[in-house]
Amino acid sequence: MHPRPEPGTPELAFLAELTRVSSRRAFLKWSGVTLGVVAIGCSNDTVGVDGDVSLGSGDTAVLNYAYVLEQLEAAFYDQVSRTLYAGVTAVEQQALLDIRDHEAAHRDFLARTLGPEAVDRLEFDFTNLNFADRADVLGTARTLEDLGVAAYNGAGALLTDSALLAALATIVSVEARHASVIRDFLQPQSAATGFAADDVVDANGLDRAMPPSEVLLAAAPFIPATISSPLP
Amino acid sequence: MSDDSMERAERSLSRRDLLGHGRFAAGLAAAAAVPAAMAVFARTGLAQSGLSAAVVDALNFALRLEYLESELYTRGLAAGGLIPSADRPVFTQIAKHEAAHVALLKSVLGAAAIAKPAIDLTARGAFGDVLSNYVTFKLVAQALEDIGVRAYKGQVGALMGSTVLTTALQIHSVEARHAAEVRRLRGQKGWITANHTDVSLLAPVYAGEEVVEAGPSEAFDEALSMSQVLAIVAPFFP
Chain L
1 MHPRPEPGTP ELAFLAELTR VSSRRAFLKW SGVTLGVVAI GCSNDTVGVD
51 GDVSLGSGDT AVLNYAYVLE QLEAAFYDQV SRTLYAGVTA VEQQALLDIR
101 DHEAAHRDFL ARTLGPEAVD RLEFDFTNLN FADRADVLGT ARTLEDLGVA
151 AYNGAGALLT DSALLAALAT IVSVEARHAS VIRDFLQPQS AATGFAADDV
201 VDANGLDRAM PPSEVLLAAA PFIPATISSP LP
Chain W
1 MSDDSMERAE RSLSRRDLLG HGRFAAGLAA AAAVPAAMAV FARTGLAQSG
51 LSAAVVDALN FALRLEYLES ELYTRGLAAG GLIPSADRPV FTQIAKHEAA
101 HVALLKSVLG AAAIAKPAID LTARGAFGDV LSNYVTFKLV AQALEDIGVR
151 AYKGQVGALM GSTVLTTALQ IHSVEARHAA EVRRLRGQKG WITANHTDVS
201 LLAPVYAGEE VVEAGPSEAF DEALSMSQVL AIVAPFFP
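Sequence order for the protein chains is L and W.
Residue numbering for the first sequence follows the numbering used here, beginning at 1 and increasing consecutively.
Residue numbering for the second sequence follows the numbering used here, beginning at 1 and increasing consecutively.
Please keep in mind that the hints were generated in silico from the structure rather than gathered at the bench.
Just to be clear, a hint being listed does not mean it is correct.
With the Cβ distance kept under 8 Å, some of the chain W side facing chain L (calculated, not the full set) [claimed, not checked]:
#, residue
1, T92
2, L131
3, K153
4, T167
5, I171
6, H172
7, S173
8, E181
9, R186
10, G190
11, N195
12, A203
13, Y206
14, E218
15, D221
16, A231
Glycine included, every Cβ here is placed at the ideal spot set by N, Cα and C.
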C-alpha cells in the first residue's frame with residue numbers, strides 16, 4: 001500500500017501517485033535501458049516486459065494509444081471483480097462490475113475498429129496493489145479514470161477522421177461518469193475532494209487534457225512492455 | 001425526506017407527466033427558427049472573434065445551454081429550504097463550474113456571444129415546482145446535465161480543426177461528472193442504460209441512447225444534433 005497524494009499539490013500528486021509504485025523501473029525503461037524484470041503471467045499471446053509495442057502513426061497511433069489504456073483499465077477492473085475488497089457494498093459492487101463491462105466494451109470496440117492495425121494484447125503489472133483493500137482499489141480506480149478522461153481530452157485534437165473523433169467522444173463521457181462515481185464512493189457528496197473536485201476541474205470549469213507522452217509516463221508503472229509512440 | 005415520501009413525490013410527478021408532456025412537446029414547433037436566428041447573429045460577430053461561423057454557432061449553442069444550467073443552479077441554491085444541507089456542496093460545486101463555463105464561452109466568443117436569453121425554469125409549467133420541490137429540482141438538473149453531455153458531443157465534428165475543440169472536450173467531460181453525481185443523488189446509476197428513464201417526461205433526453213453500434217449501451221454515450229437538443233430544451237426559453 002502506498003500513501004495517498006497530498007492535497008494542495010494536485011498536479012504533482014496526480015503523477016506521483018502512479019510513479020511512486022515503481023518509479024525506478026519507469027525511469028530506466030524510458031531512458032532506454034533494458035531490465036530483466038519478470039512480468040506477471042506472461043504467455044505467448046500477450047506482450048510482457050521483453051516486448052516492444054509500436055502504436056503506428058496518424059489516427060492509428062491515437063486509437064492504439066486509447067486501446068492500450070482501455071486494455072489497462074479492463075485488466076484492472078477484471079482483477080477487481082475477481083477479488084472484491086473487504087466491505088464492498090452492493091452499490092459499489094454493481095458499479096465496479098458495470099465499469100468492468102464498460103471498459104471491456106471500450107477495449108473490444110477499439111480492437112475491432114483497428115483490425116489488423118491493433119497492437120497486441122498487453123500484460124499488466126498490478127503486483128504493488130492490494131486488491132483486498134478498499135482505499136487502494138478505489139484510489140487506483142480514481143487515478144485510472146481521471147487519467148483516461150485526461151487522455152481522451154488530450155487526444156481529440158490529434159485525430160484527422162471526424163468519425164473516429166465522434167466515436168471516441170462517445171467513450172470519454174462514460175469515463176468521466178466512472179471517475180465521478182468512484183470519487184463519490186471515496187468522498188460522498190463532497191465538493192472539495194469528490195466527483196468533480198478542484199483537483200481535477202480548474203477555475204474555468206475544465207477537466208484535464210494531457211498529452212499522450214505524459215499519460216503513457218503516468219501509466220508506465222502498470223505496463224511492463226515498452227511502448228513506442230509518435231504522439232506528442 | 002423519508003424513502004416513502006420520496007417515492008410518493010416521484011409517483012405524483014409521473015402522474016403530472018401527462019399534463020406536462022403536452023406543453024413540453026409544444027416546444028418542438030418553436031425550435032426550427034432558433035438555429036437560423038443564431039447563425040445570423042454569429043456572422044455579424046465573425047470578424048471580432050476570429051472564429052469561423054460554424055464554430056461561433058456551435059459555441060453559442062453551448063453558451064445557451066450553459067446559461068440555462070447556470071440559472072437553474074443559481075436560483076436553486078438561493079431558494080430557501082430547497083436543497084438539503086448535505087447536498088449543498090454538490091450543487092455549489094456544479095454551479096461554480098456552470099458559471100465558469102458561461103464566462104469562458106463569452107470570453108472566447110467576444111462580441112459574437114449571445115446575450116443571456118429569457119429563461120423559464122418550469123419549462124412552461126412542466127416542472128412547476130422546480131424551485132420549491134427538491135425532487136423536481138434534481139430531476140431537471142439530471143435532464144439538463146445529461147442533455148448537455150449529448151449536446152457537446154454532437155458538436156465535436158463542427159469544432160474539429162478549430163482552436164476550441166479541446167476546450168469543448170474539457171467542458172463535456174465535466175458535464176458528464178455532474179450528470180453522474182446528480183443521477184446518483186436521485187438513486188440512479190451514474191451511467192445511462194439504453195433509453196431508460198425513471199420519469200417518462202424526460203424520454204426525449206434519452207431517445208436514441210438505445211441505438212448502439214459499438215457495444216453495450218451503458219458504455220457509450222450517444223450524441224444529439226443541435227436541432228434535436230434545441231427542440232427538447234425549447235420550453236425553457238420563452
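To see whether the hints hold, each was checked on the structure:
no. : hint : in the structure
1   : T92  : holds (6 Å)
2   : L131 : violated (21 Å)
3   : K153 : holds (5 Å)
4   : T167 : holds (7 Å)
5   : I171 : holds (6 Å)
6   : H172 : holds (6 Å)
7   : S173 : holds (4 Å)
8   : E181 : holds (4 Å)
9   : R186 : violated (13 Å)
10  : G190 : holds (4 Å)
11  : N195 : violated (15 Å)
12  : A203 : violated (20 Å)
13  : Y206 : violated (14 Å)
14  : E218 : holds (6 Å)
15  : D221 : holds (4 Å)
16  : A231 : violated (21 Å)
Going through the hint list in order, the structure does not satisfy hints 2, 9, 11, 12, 13, 16.
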